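Student: Just so you know, the protein sequences line up as chains X and H, in that order. Numbers 1 to 345, taken from the UniProt record's numbering, label the letters of the first sequence in order. Numbers 1 to 345, taken from the UniProt record's numbering, label the letters of the second sequence in order.
Calculated directly from the structure, the hints in this document are not laboratory data. Accuracy of the hints is not assured; some may be wrong.
Which copy is meant is left open, so a pair is good if it fits within one copy or across any two.
Said to hold, decoys possible - Derived SDA-like pairs: lysine to any residue, alpha-carbon spacing no greater than 20 Å straight-line:
#1 Lys329 / Ser18
#2 Lys228 / Glu282
#3 Lys228 / Pro290
#4 Lys228 / Arg339
#5 Lys329 / Gly211
#6 Lys228 / Val331
Predicted model, so just to flag it, every value in this text is computed and none were measured.
2 protein chains.
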Amino acid sequence: MRREVTLRDVAELAGVSSRTVSNVVNGYANVTERTRVRVQRAVEELGYRPNVLARNLARGRSGQIALVVPYLDTPYFSELLQSVIRAARSRGYNVLIDQTDGDPEHERAFIAHGSRRLLFDGVVFSPLGLDQRALAGHDPNLPLVVLGERSSNGTFDHVGIDDVAASREATEHLLDLGRRRLAAIGDQPYATGEAAQLRTRGFREAHQARGLTVREDLIIGTPRFNRKDGARAMAHLLDRDDPPDAVFCYSDLVALGAIHTLVNRGLRVPEDVAVIGYDDIEDGAYSNPPVSTISPDKEMIATTAVDRLLLRITSPTPPPAVELRAPHKLVVRESTAGRVTPRAG
Amino acid sequence: MRREVTLRDVAELAGVSSRTVSNVVNGYANVTERTRVRVQRAVEELGYRPNVLARNLARGRSGQIALVVPYLDTPYFSELLQSVIRAARSRGYNVLIDQTDGDPEHERAFIAHGSRRLLFDGVVFSPLGLDQRALAGHDPNLPLVVLGERSSNGTFDHVGIDDVAASREATEHLLDLGRRRLAAIGDQPYATGEAAQLRTRGFREAHQARGLTVREDLIIGTPRFNRKDGARAMAHLLDRDDPPDAVFCYSDLVALGAIHTLVNRGLRVPEDVAVIGYDDIEDGAYSNPPVSTISPDKEMIATTAVDRLLLRITSPTPPPAVELRAPHKLVVRESTAGRVTPRAG
DNA sequence: ATGCTGTTTTGCAGCGCTGCAAAAGCGTAG
DNA sequence: CTACGCTTTTGCAGCGCTGCAAAACAGCAT
């Protein structure tokens, strides 16, 4: 491996000090046009590219941020991942991915061990196994932005959509269709289930706003938000005396699992049971039937989170912890509205 | 941000030179038990953790490998991604992700610009927009392992399953069901479509082996392997006079798209048309109906690729380019075999 | 004691860059 | 011609670690 071109090589060719080359390369202010051009030319002639490692060591920063998510093969996260990478890259940062499998110990190790000695400068974190209390005790030296639905409690930045409002909208949509025996799949009435609880709250509020009573026994808990749990929960519901005529699922995967069971049992969606999901993953749009859903603005979530994290990283005095809300919208598809018109695709 | 503990701090406390501490930390051979213990204790007392950046700068390596894929939200890649991260991490390497969107220019820039000055030491590359010729001209200084179905041509390592054999198996499965009007969706008869062409070859071979004639007009090309193209191609097929009674789709996404169209048109899968996919993504197992598929051993692909890449990175003399085959298997589900027995999930 | 071998430890330089503060240049005023 | 303030350029040290080769040490034979 031949030696790479260094700052000094460029300096020599351009007839200036290496520090000046550094200034030019980094676009610092006080450089005469004349020297700037001269250096520029030398850079091009030699094909110089800065050594990121050396730069970061000298600067005391790694130029990388970590994205910590529970699962990578969950469509919601892989879609989000893209946006985060894009946002970070455009700001000169690289993204390291870490998958926790929702293991609290893994999550804790990450935020406790801090920045693992300059492997990354900050973390965008989507917690699953850790609850508020554990999160609140994180190393305050580690810039951290939390995604998802937990409120920050004032100890760190937090980016998410308004889950209660979104869930209320989803529920209202089902009520608007004339359905009255509404089930909810995905509640998690324990410390780490804050996201789920907000959705349950929205579900309740929608009923209350219309003077309707929530069928408490139709609120089904699931340990996770995946197809399997959705399928299983739906099976439970169908085994009852009076099964629901509509279901609000706390994720699109849960909805897909629920639909799977419904179709398997010979029931029609939405004629017999209307189903709405949450997250707007691509699969939902192409399943049979396409799934109505709450669509969070993932691009917005990603850029907001990255911007806030970089602010926190670069700011000399730590900015206050804030709640940042990204927009969402209700997307109505066949799983609630029914076949509109047969299409080619 | 308080100063971190350095090698020198540990050395001072342990009463040895910093070089010795380094030796202990890196597990080098010739260290007496006595000093090893003494240093170990100091390390723990101070909570020392090596600065990865400094280490890599000194070593002249970045300790990171890049994984370059066309799309991250494609389930196949996001599932593969996990395995690659796991494999790399367990060998002390980090993974940088790059999504190319299949843009040949982006891909070329990546392999041409080489290691972007120590940002990464090697690349696991899943090409889409670049063909053989372009790939062959890559910077020989950059360790590179190519995933997917292209043959290496002797210029770089290559990891993949035996596509022709797998495709033949898939096709034979359809023939075994008694189907005779077989369609294939996904052919790409141009330079960058080598993967598709291998599958088409397997499709043909299966016919030939049984003395059957391939219906050439039922081999449909698609620019990409996604749901949309699958749905569209299926629509084309159904608009013909004699639509197929079975379809071999070159990816599960294509299969899902095709099924979407079939169901939309009121046709039954597999009774009217049997559908088999390729990749064994999780969605396929939970769709309606679950999709039969060719299942490549992704874990094996990932570990093989990472191991080979690390060998190439660390080896003083470049090892010869090789073809490495990962196993695959045929997974039969309802989209070809029909409902076996109604299940709860 | 002396020399020789092999093991363990050390010092130094340097990876390629940036922070800092001093030095040099330069235009204008006194 | 000197002084002053401002802009531009430079030198040096150092980020924290490892490669290299020399130094110190130990064990053993002479």
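Student: Evaluate each hint against the coordinates.
Tutor: Comparing the hints with the structure gives:
1. Within a single copy, Lys329 and Ser18 get their C-alpha atoms no closer than 53 Å, and across copies no closer than 58 Å, so neither meets the 20 Å cut-off.
2. Within a single copy, Lys228 and Glu282 get their C-alpha atoms as close as 18 Å, and across copies as close as 11 Å, so both meet the 20 Å cut-off.
3. Proximity of Lys228 and Pro290 under a CA criterion of 20 Å is satisfied in both settings, with 18 Å inside one chain copy and 13 Å between copies.
4. Within a single copy, Lys228 and Arg339 get their C-alpha atoms only as close as 26 Å, which misses the 20 Å cut-off; across copies the closest is 19 Å, which meets it.
5. With identical chains, the CA atoms of Lys329 and Gly211 are never at most 20 Å apart, being 24 Å at best within one copy and 56 Å at best between copies.
6. For the homomeric pair Lys228 and Val331, the shortest alpha-carbon distance between copies (19 Å) is at most 20 Å, but the shortest distance inside one copy (24 Å) is not.
The structure shown violates the earlier hints numbered 1, 5.
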